[in-house]
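Chains as they are written, first to last, in our numbering: chain A, 1 to 307; chain B, 1 to 171.
Don't read these hints as lab results, they were simulated from the structure. Keep in mind that the hints are not guaranteed to be accurate.
[Said to hold, decoys possible] Lysine to any residue pairs mimicking SDA-like chemistry, simulated, CA-CA at most 20 Å apart:
1. B:K161 <-> A:Y222
2. B:K160 <-> A:D219
3. B:K133 <-> B:V106
4. B:K77 <-> B:Q130
5. A:K150 <-> A:F100
6. B:K133 <-> A:N46
7. B:K35 <-> A:I188
8. B:K141 <-> B:Q130
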Amino acid sequence: MKQSLSSYFNKTFTPSFIVFLRVSIAFVLLVHFISIWNDFELLYSNKSIIPIEIHGTVYEYNIIAYSQIETFLSGYFQNPNLAFKYMYVVLAIFIMIGFFSRISAMILLILQVSLVKSASLFMYGVDFFASMSLFYIFLFPTSSYFSVQKKFFPKTIINFPIQSLNICKRILQLHVCIAYFFSGLDKILGFNWWNGESVWKSLNLPNFTRFIHIPSFFDEKYSIMYIISGWAIICVELFYPIFININKTRKLWLTLTILMHIGIIISFNLFFFSLIMIIWNLTSYYFNYYEKDKIFSENSTAANVYN
Amino acid sequence: MKNTFFEYAILALIVLKVIITGILTTTESFCSFYKYENPFENDGNKYDKTFAAYTGFDTGYGFFAPNVASNFVIISKDLKSGNTYLSTDLLSTKEGKLRFCNLNDVYMKNITPENKNSTDVKINHILLKQVNKAFESKYGKQFQSTAYLYDHNFLTDPAKKTRLIKIDQVQ
Numbered sequence: 001m002k003q004s005l006s007s008y009f010n011k012t013f014t015p016s017f018i019v020f021l022r023v024s025i026a027f028v029l030l031v032h033f034i035s036i037w038n039d040f041e042l043l044y045s046n047k048s049i050i051p052i053e054i055h056g057t058v059y060e061y062n063i064i065a066y067s068q069i070e071t072f073l074s075g076y077f078q079n080p081n082l083a084f085k086y087m088y089v090v091l092a093i094f095i096m097i098g099f100f101s102r103i104s105a106m107i108l109l110i111l112q113v114s115l116v117k118s119a120s121l122f123m124y125g126v127d128f129f130a131s132m133s134l135f136y137i138f139l140f141p142t143s144s145y146f147s148v149q150k151k152f153f154p155k156t157i158i159n160f161p162i163q164s165l166n167i168c169k170r171i172l173q174l175h176v177c178i179a180y181f182f183s184g185l186d187k188i189l190g191f192n193w194w195n196g197e198s199v200w201k202s203l204n205l206p207n208f209t210r211f212i213h214i215p216s217f218f219d220e221k222y223s224i225m226y227i228i229s230g231w232a233i234i235c236v237e238l239f240y241p242i243f244i245n246i247n248k249t250r251k252l253w254l255t256l257t258i259l260m261h262i263g264i265i266i267s268f269n270l271f272f273f274s275l276i277m278i279i280w281n282l283t284s285y286y287f288n289y290y291e292k293d294k295i296f297s298e299n300s301t302a303a304n305v306y307n
Numbered sequence: 001m002k003n004t005f006f007e008y009a010i011l012a013l014i015v016l017k018v019i020i021t022g023i024l025t026t027t028e029s030f031c032s033f034y035k036y037e038n039p040f041e042n043d044g045n046k047y048d049k050t051f052a053a054y055t056g057f058d059t060g061y062g063f064f065a066p067n068v069a070s071n072f073v074i075i076s077k078d079l080k081s082g083n084t085y086l087s088t089d090l091l092s093t094k095e096g097k098l099r100f101c102n103l104n105d106v107y108m109k110n111i112t113p114e115n116k117n118s119t120d121v122k123i124n125h126i127l128l129k130q131v132n133k134a135f136e137s138k139y140g141k142q143f144q145s146t147a148y149l150y151d152h153n154f155l156t157d158p159a160k161k162t163r164l165i166k167i168d169q170v171q
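Can you make the complete structure from the sequences, with help from the hints?
Okay, structure coming up:
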């Protein structure tokens with residue numbers, strides 16, 4: 001047991017997963033934000049369809065409200081919402097290129113949380129995973145590898161490499177394992193997941209747009225298909241922590257999980273949520289396992305590999 | 001490079017936080033669905049809530065579970081022309097519409113018996129008024145907005161027709 005734990009926490013990882021996490025998450029957050037550009041004022045500003053005060057009566061958060069940021073910015077800019085939008089975009093680009101990405105991630109996290117949690121009635125799963133991703137970009141040594149900061153301002157990165165890549169990788173791996181386990185557990189606790197009703201109902205929800213409406217091709221006569229799908233989703237999620245950590249089954253489970261998220265894109269158009277989950281999966285269990293890394297040893301070449 | 005005690009402490013803190021949130025949210029959704037009393041119900045610590053809010057760790061992971069909640073739709077009608085619009089027609093982007101749709105789910109509180117006449121229901125009425133007001137100012141006409149429960153047929157009961165059940169209405 002002690003030996004297993006020791007080898008688990010002493011395995012060497014290359015920084016490729018951190019670079020991938022930083023660049024891909026920043027890119028997704030940028031596109032995600034731009035995707036509501038034209039509706040921003042209608043959703044979040046003081047001219048929004050639903051006044052921000054009403055959101056606060058439904059869900060209360062102890063955060064800096066977006067209205068406070070808007071008021072603060074209005075002291076400096078004629079159009080505070082536009083200033084906020086540009087700040088968001090610039091910070092996402094800073095993270096992507098690795099220009100003081102940790103500080104940028106921290107500031108963006110504050111802005112993002114203020115924005116989405118001030119209008120809590122418009123929140124959904126992707127917002128939480130976006131916050132968690134930004135937190136990890138802030139927490140992990142993301143500015144130390146393949147970054148503009150490393151290239152042009154190396155002295156600003158103190159005691160490189162100061163943090164253990166192993167712990168960063170393990171945090172993300174454990175988090176994703178726990179998340180899928182609870183997702184599977186919650187599903188198996190609902191009897192409608194056993195008989196296919198949950199899959200059927202979710203595929204027919206009117207508030208989602210979809211690329212393919214599967215029930216149009218497979219109606220109630222194919223109920224067995226929905227029962228099998230429900231159990232397949234439960235199995236993939238519930239047993240994720242086991243099979244993703246076994247060398248022989250890792251590739252299969254990673255493929256099944258990614259396919260499940262592609263299914264979510266096709267059936268619910270939850271494009272950004274699925275993308276973030278796929279990024280978390282690849283960061284945790286693809287990089288350092290399957291991709292061809294450059295030869296890397298922490299003692300000698302950490303600075304050179306992704307410089 | 002050797003892992004430091006501080007790094008192990010951070011890992012332990014995050015893992016514990018994620019597990020505890022998972023247990024609490026699973027219990028909450030289970031009790032809410034099967035109508036049990038939640039044994040872990042409490043308001044939580046102020047600092048913990050702020051930390052969780054700023055890290056995204058305040059979410060559970062049971063998406064669409066244990067039950068897939070029914071959707072609600074808001075339909076607004078131009079009283080003069082008779083044209084009807086979905087509430088999402090107020091927005092122009094796909095992602096904006098998706099976000100705005102989440103608003104409709106508040107009407108679940110209107111159909112749970114313990115919430116009848118509660119403050120929540122009154123707030124939901126105000127939300128519907130806001131949507132109606134937005135249509136009126138967008139088109140400069142008088143509108144009537146109605147929130148409906150979208151009642152889809154079951155897999156095991158294909159004979160049942162999909163229908164819209166009226167929940168609330170404003171004019």
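Hints and how they fare:
1. Distance hint between B:K161 and A:Y222 is fulfilled; the C-alpha atoms sit about 18 Å from each other, no more than 20 Å.
2. Proximity of B:K160 to A:D219 is assessed by CA-CA distance (about 14 Å); at most 20 Å being required, the pair is judged to hold.
3. Of the pairs offered as hints, the one joining B:K133 and B:V106 holds, with about 18 Å between alpha carbons and a cut-off of 20 Å not exceeded.
4. Restraint check for B:K77 and B:Q130: satisfied, since their Cα atoms lie roughly 14 Å apart, inside the 20 Å limit.
5. Between A:K150 and A:F100 the CA atoms are separated by roughly 9 Å; this keeps the pair inside 20 Å, and the hint holds.
6. For the proposed pair B:K133 and A:N46, the alpha carbon gap of about 15 Å is at most 20 Å, so the pair holds.
7. Between the alpha carbons of B:K35 and A:I188 the distance comes to roughly 17 Å, so the proposed pair stays at or under 20 Å and holds.
8. Note on B:K141 and B:Q130: the hinted pairing holds, with a Cα-Cα distance of about 15 Å set against a maximum of 20 Å.
Every hint from the earlier list agrees with this structure, and none is contradicted.
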